[in-house]
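**Q** Chains A and B are the protein sequences, given in the same order. 7 is the number of the first residue of the first sequence in our numbering; add one for each residue after it. 53 is the number of the first residue of the second sequence in our numbering; add one for each residue after it.
What the hints contain is simulated information worked out from the structure, not anything from laboratory work.
Partial selection, computed: residues in chain A whose CB lies under 7 Å from chain B:
| no. | residue |
| --- | --- |
| 1 | Tyr64 |
| 2 | Gln120 |
| 3 | Leu127 |
| 4 | Leu188 |
| 5 | Lys202 |
To give a feel for the contact side, a few chain B residues facing chain A, derived at Cβ under 10 Å:
| no. | residue |
| --- | --- |
| 6 | Ile216 |
| 7 | Pro292 |
| 8 | Leu408 |
All values reported here derive from a predicted model rather than from experimental measurement. Heads up, the beta-carbon is just placed ideally off N, CA and C, and yes, glycines get one too.
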Amino acid sequence: MNFWKRRLPLALTVIYGLAGFAMQIIPALNGYRDIQNSWMPILFGFSIAIGVASLTKYHFTKMRRQPEERVYSIITFISLVVMAVAGLIGMSQDGGVFTKLFDNLFSYVYVPLQATIFSLLAFYITSAAYRAFKVSEWISTLLLVSGFIVMLGRVAFGPLMVFGKLSEWIMAVPTVAAMRGLLIGIGLGIMATAIKIILGIERSYLGGE
Amino acid sequence: MKRFVYILVIISLLFSAGFAEEAENNNELDFTPKGKLEIKDKGNDDGTGVNVFFRPQNKPEEVKYYLLRVYYKSVSEDNLAAQYRIENKDRRYKFNVSLQKRRKHPYPNSRKGVARVYVSNEKGEAVKAFLTESTNTSASWFNINKLSAFMGVLLFLLFVYIFIKQARRGVEFFIRKIPGLEELDNAVGRATELGKPIYYIPGIGTTSRIATLASLNILAPVTRKVAKFATPLKVPNRDPVVMSIAQDVVKEGYMAEGRPDLFNSNDVFFLTRQQFAFAGAVSGLFKREKPGAVFLLGKFYAESLIFAETANDVGAIQIAGTDSVSQIPFFIAACDYTLIGEELFAASGYLSGDPLIVGTMKAQDYLKAILIVLLFIGIILNIFDIDIITKYILQR
Chain A
7 MNFWKRRLPL ALTVIYGLAG FAMQIIPALN GYRDIQNSWM PILFGFSIAI
57 GVASLTKYHF TKMRRQPEER VYSIITFISL VVMAVAGLIG MSQDGGVFTK
107 LFDNLFSYVY VPLQATIFSL LAFYITSAAY RAFKVSEWIS TLLLVSGFIV
157 MLGRVAFGPL MVFGKLSEWI MAVPTVAAMR GLLIGIGLGI MATAIKIILG
207 IERSYLGGE
Chain B
53 MKRFVYILVI ISLLFSAGFA EEAENNNELD FTPKGKLEIK DKGNDDGTGV
103 NVFFRPQNKP EEVKYYLLRV YYKSVSEDNL AAQYRIENKD RRYKFNVSLQ
153 KRRKHPYPNS RKGVARVYVS NEKGEAVKAF LTESTNTSAS WFNINKLSAF
203 MGVLLFLLFV YIFIKQARRG VEFFIRKIPG LEELDNAVGR ATELGKPIYY
253 IPGIGTTSRI ATLASLNILA PVTRKVAKFA TPLKVPNRDP VVMSIAQDVV
303 KEGYMAEGRP DLFNSNDVFF LTRQQFAFAG AVSGLFKREK PGAVFLLGKF
353 YAESLIFAET ANDVGAIQIA GTDSVSQIPF FIAACDYTLI GEELFAASGY
403 LSGDPLIVGT MKAQDYLKAI LIVLLFIGII LNIFDIDIIT KYILQR
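Work the whole structure out from these sequences, hints included.
**A** Rendered as structure tokens:
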């Protein structure tokens, strides 16, 4: 058990981690990187089966134990089955009724639903900005003032164009400087974590010490 | 008679038009097309890149357009890798061409690239070939552009070795307090007191993202803390592979605390692979179950604010962290505690206190210090127009 759950995954991590590193710095091995990347769709195919199994199990349990939320699970199951059947049968019948059903569901149900959730962001940004701009400390005041300048700068005209220039400066100088500082830290953090995983120092992701 | 004359005139006009066309064709071939063509191995790659240089030596009035074709191995339509229509503007042209597209052999270490230049007509068709050059390419065994990164990794490994050795000898390293991680106990305790579940979202990235792995590393100590209070922990996932790993991590966490009975595989579940469908599903769960604490740690994109604001709306304490620079401001604005940038990667060592991991954090700090010094030296030298640091160290 220890071999299958710990040593083998760790050994594979070390081997593929080192191979990945070598492929980054040795251009002659690029071809092998392409082969390795072509394995990804296989993994993806199997992972979808795991995902659907988990989703089914989760919603079956929920339907049994939480009758008040049964309706959501039923909608999920109907959506899953209808889209899967329409997609699978539609694949072999180009232009047939199932293809049209799939296309219609995709274009007129799925896409608008995605867009609806995405558009909620506008309201969330407003409420988050309100909380962030609430003047409680000097740093919030600074944020409020710079936010005000940037917002005004985006719609500036005539004599207000000075805010446009100021807004450009805020976005191009202090914002970029802060972001680059973050990026340097993140880059080093990514490298350190990758090396910790490759060397087997960090093993928490294997489930335990 | 008159009709006969008309017919003769028409016939003579047709003939003259034909002769005129022939004369025009002959005009196209009246000059000698000239130019200088070079094809060179690009180098520093896997042997698929060539640089082609062409300098027309005809005046634009003589030849307006050329056609450059680059072939893999030999001149044949099947081996055509790229073609460019060149308008003669009396200058030198350079093209970076990849021979990859028409690769016949799986992964040869050397290839041959052939460049041929044609005189082209207005329609872009090849009229006459007049220059052909070829070169052999070879794959490089070291990418010189990654020399700095390679040296950085070696330096980091040296630091890791030194600090791990020190850690094993019992040297204790100082780590500054990270408020988000200090509050972890409070967040778990608060959810327990309220009798509400805890939600842990490991982002929407796959396992190939280091942020996702960092999140899974944090999930382990979080699970152990949760197991002590027997508070329900729920982990919705967007990626089935991440879900499988998270299930193992949570199970092992409960086992490590002697509470395997608390583990329910249904608590670590897959929802959907679609970004906003996942955002909608998780928001719905937050609204219905009203969690006491929400952890948003991992790779997040535009959905980050949807999670954070919904969690805030239901009164959950939120601890967030991501390596997506564009999402960090949203988390800072909406969440109670945010792990900024590298803090996400340091969290695992911070929580576990494992001297080996803390040693690597120290190595990271030293490398950062070196980088800061290099940046300062680079800035100062750049003021005096000396770009040795920026050009040869920082950009490679």
